[in-house]
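Chemist: Spelled out from the first residue to the last, the chains are:
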Amino acid sequence: MATINVNLISGRSIQQGVAIEGGKEKPLYRTACGIIELDPSDLKELGAWKNTNVRVTSEFGSVVVKAIETTQGPHPGIGFIPMGPWANKIINPNTYSTGMPTFKGTPVRVEVAVDQQVLLGIELVQKACRGETV
Amino acid sequence: MTKIVTDVICPFCGTLCDDLEVAATDDGKKIIEVYNACVIGTEKFLHSQASDRVTRPRLMQADGSYKEISYDEAAEYTAQMMAKAKKPLMYGWSSTNCEAQSMGHEIAELAKACVDNTAAVCHGTTLIAVQDIGLPTCTLGEVKNRADRIVFWGCNPAHAHPRHMSRYSIFPRGFFTGKGHKNRKLVVVDPRPTDTAKMADIHLQVTQGQDYELLNAFRVALKGEWLPDVVAGIPKEKIYEAADILKSGRFGIIFFGMGVTQSLGKNHNIDEAIAVTKDLNDYTKFSIMPMRGHYNVTGSGEVMAWQFGYPYSVDLTRGFARYNPGDTSSIDLLSRGDVDAMFTIGSDPGAHFPFNCVKKISELPSVCIDPHLTPTSGVSKLHVPVAFNGVEAGGSCYRMDNVPIDCRKVVEPPEGMLTDEQFLIMVRDRLKKMKGVA
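Note that the protein sequences, when read in sequence, are chains A and B.
Going by our numbering, the final residue of the first sequence carries number 134, and the count climbs one at a time with no gaps.
Going by our numbering, the final residue of the second sequence carries number 572, and the count climbs one at a time with no gaps.
It is possible that some hints are incorrect.
[As the list claims (entries may be wrong)] Non-contacting residues of chain A with respect to chain B, defined by C-beta distances greater than 10 angstroms in every case (computed):
1) T3
2) S13
3) P27
4) E111
5) Q117
[Unchecked claim] Dumping the calculated DSSO-like pairs for lysine-lysine here, alpha-carbon to alpha-carbon at most 30 angstroms:
6) B:K515 <-> A:K127
7) A:K50 <-> B:K332
8) A:K127 <-> B:K201
9) B:K370 <-> B:K381
10) B:K332 <-> B:K278
11) A:K127 <-> B:K221
12) B:K220 <-> A:K127
13) A:K26 <-> B:K220
14) A:K44 <-> B:K218
15) A:K26 <-> B:K163
16) A:K66 <-> B:K220
17) B:K218 <-> A:K127
Since the hints were derived computationally from the structure, they do not count as laboratory data.
Virtual Cβ for every residue (Gly too), placed ideally from N, Cα, C.
Throw the hints in and build the complete structure from the sequences for me.
Modeler: Have a look at this one:
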């Protein structure tokens, strides 16, 4: 199975804003933030259709999200996961003595994971805290 | 019949829009419609009316289920936790009013806690840079009335501050900016062609993580000195062109966001951005402003600074205020396992902290004060739902340009629900008794 390496950034999207105010226990939060926006060229290299579940792994963790075609592109080589527990499972937590984790610029590996599920926000955090795979 | 409440303040982002109108029922109990707000602000007002809202404190049981308890029991539990802990962390504060923040700080002093706000994962590095070299800034009113050169560096207001552009930065016609956006030049720096970048006169698609290099190149270009052919993925001609546009304005402003504060380089990126602003003042009037996220994160910085002397990451464990980001900041305290209790209010570290810190929170005695169900409430031992500040309670808040604005109470909270401040007063009074303070 093909894998690709991209540079991960996280940040706000308007859908994320609406979802956090609408209730983080709702499926809409997962629709808004349990995704990775990839450039069409990266999706092609990955050999995945749009809206395929993928596992994104960094040296700090791993999470399953849905790969979608970027809404604000092109940005080949960059993956974007809106800020939330999905992104924070894999971003670089090192602050380098500034107090600020490195939310932007984490090298990650993306692989197709069609048989795996994207969890709801609260469920993901609770499961991961119990040490289960998410 | 309905009544229209006018001049309502929107409690979502740091733009703190003050022109909302809300249609409520005559008895002032239910919101029917929200006018003038962005889609996020509207959702915030309407979600407060949800029928499935949690209205009483819930204590997590050993099997993971929840037991409903009274506010009195919740205040007792919280005070006990704070009294027992040697080094509790009190984090959040950005989605509540300044009055509640001030009350929380009394608890922090009694409990000798570490106090931190959401700047820790937002504009904390900006605050470090401001302490390094200062901040030539202005108010949003000045931007609206004077600015004809706008830079958005590493921020995407089209998504994060949806009405910022229409109220202040691009489209409004002000006193000296009668032609609105036609007289303004917009430069956007972002590694993605964002929806904000699509409106720009010049979009510099910087290589992610190389903002410092590009800012440095701007300082060189402003002086007309030599540049290599490409800096941070941008051809030098484009940098010279953008620098000339900025120099030729009458009044310019750099707005910057998480793209610079969270990328490698952190506070040094901001140092350099402020230095660019300083250099631009050799040619024209230029200001710089952080795009603050939560509607009252600026207020938390203000309250903390006037009460403790520092705007975030304050450690009171020795009985006096210490400040050393990297040591006394939430992420580092949690990562190192330095704290023994977690008190969260008006924010959601469960969703917005790196996972290693969330795991630490789940292992600690913890209280989460938040109107919503959140990942933080999901891993905290006690969840205390409160009234929505800015919707069901008023109070002082600070806009991103440090202008204080009084939030409005629009409707009554569900019966029997307390505000943040009321609950904190209950906790403080109990803690005072436990500590033997009069």
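Chemist: Does each hint fit the structure? Answer for all of them.
Modeler: So, going through the hints one by one against the coordinates:
1. T3: Holds: least Cβ distance 20 angstroms, greater than 10 angstroms.
2. S13: With a cut-off of 10 angstroms, S13 of chain A comes too close to chain B, as the shortest Cβ separation is near 5 angstroms.
3. P27: Answer for P27 of chain A: holds, closest chain B Cβ roughly 13 angstroms.
4. E111: At roughly 20 angstroms from the nearest Cβ of chain B, E111 of chain A sits farther out than 10 angstroms, so the non-interface label holds.
5. Q117: 17 angstroms, holds
6. B:K515 <-> A:K127: Within the cut-off at roughly 16 angstroms; holds.
7. A:K50 <-> B:K332: With Cα atoms ~23 angstroms apart, K50 of chain A and K332 of chain B stay inside 30 angstroms; holds.
8. A:K127 <-> B:K201: 21 angstroms, holds
9. B:K370 <-> B:K381: Holds, at about 16 angstroms.
10. B:K332 <-> B:K278: Cα-Cα ~21 angstroms, so holds.
11. A:K127 <-> B:K221: 27 angstroms, holds
12. B:K220 <-> A:K127: The given pair, whose Cα atoms are some 29 angstroms apart, holds under the 30 angstroms limit.
13. A:K26 <-> B:K220: Answer violated: K26 of chain A to K220 of chain B is near 37 angstroms, above 30 angstroms.
14. A:K44 <-> B:K218: Roughly 56 angstroms between the alpha carbons, so the hint for K44 of chain A and K218 of chain B is violated.
15. A:K26 <-> B:K163: 25 angstroms, holds
16. A:K66 <-> B:K220: 43 angstroms, violated
17. B:K218 <-> A:K127: 28 angstroms, holds
Hints 2, 13, 14 and 16 from the list above are not met by this structure, while the remaining hints are.
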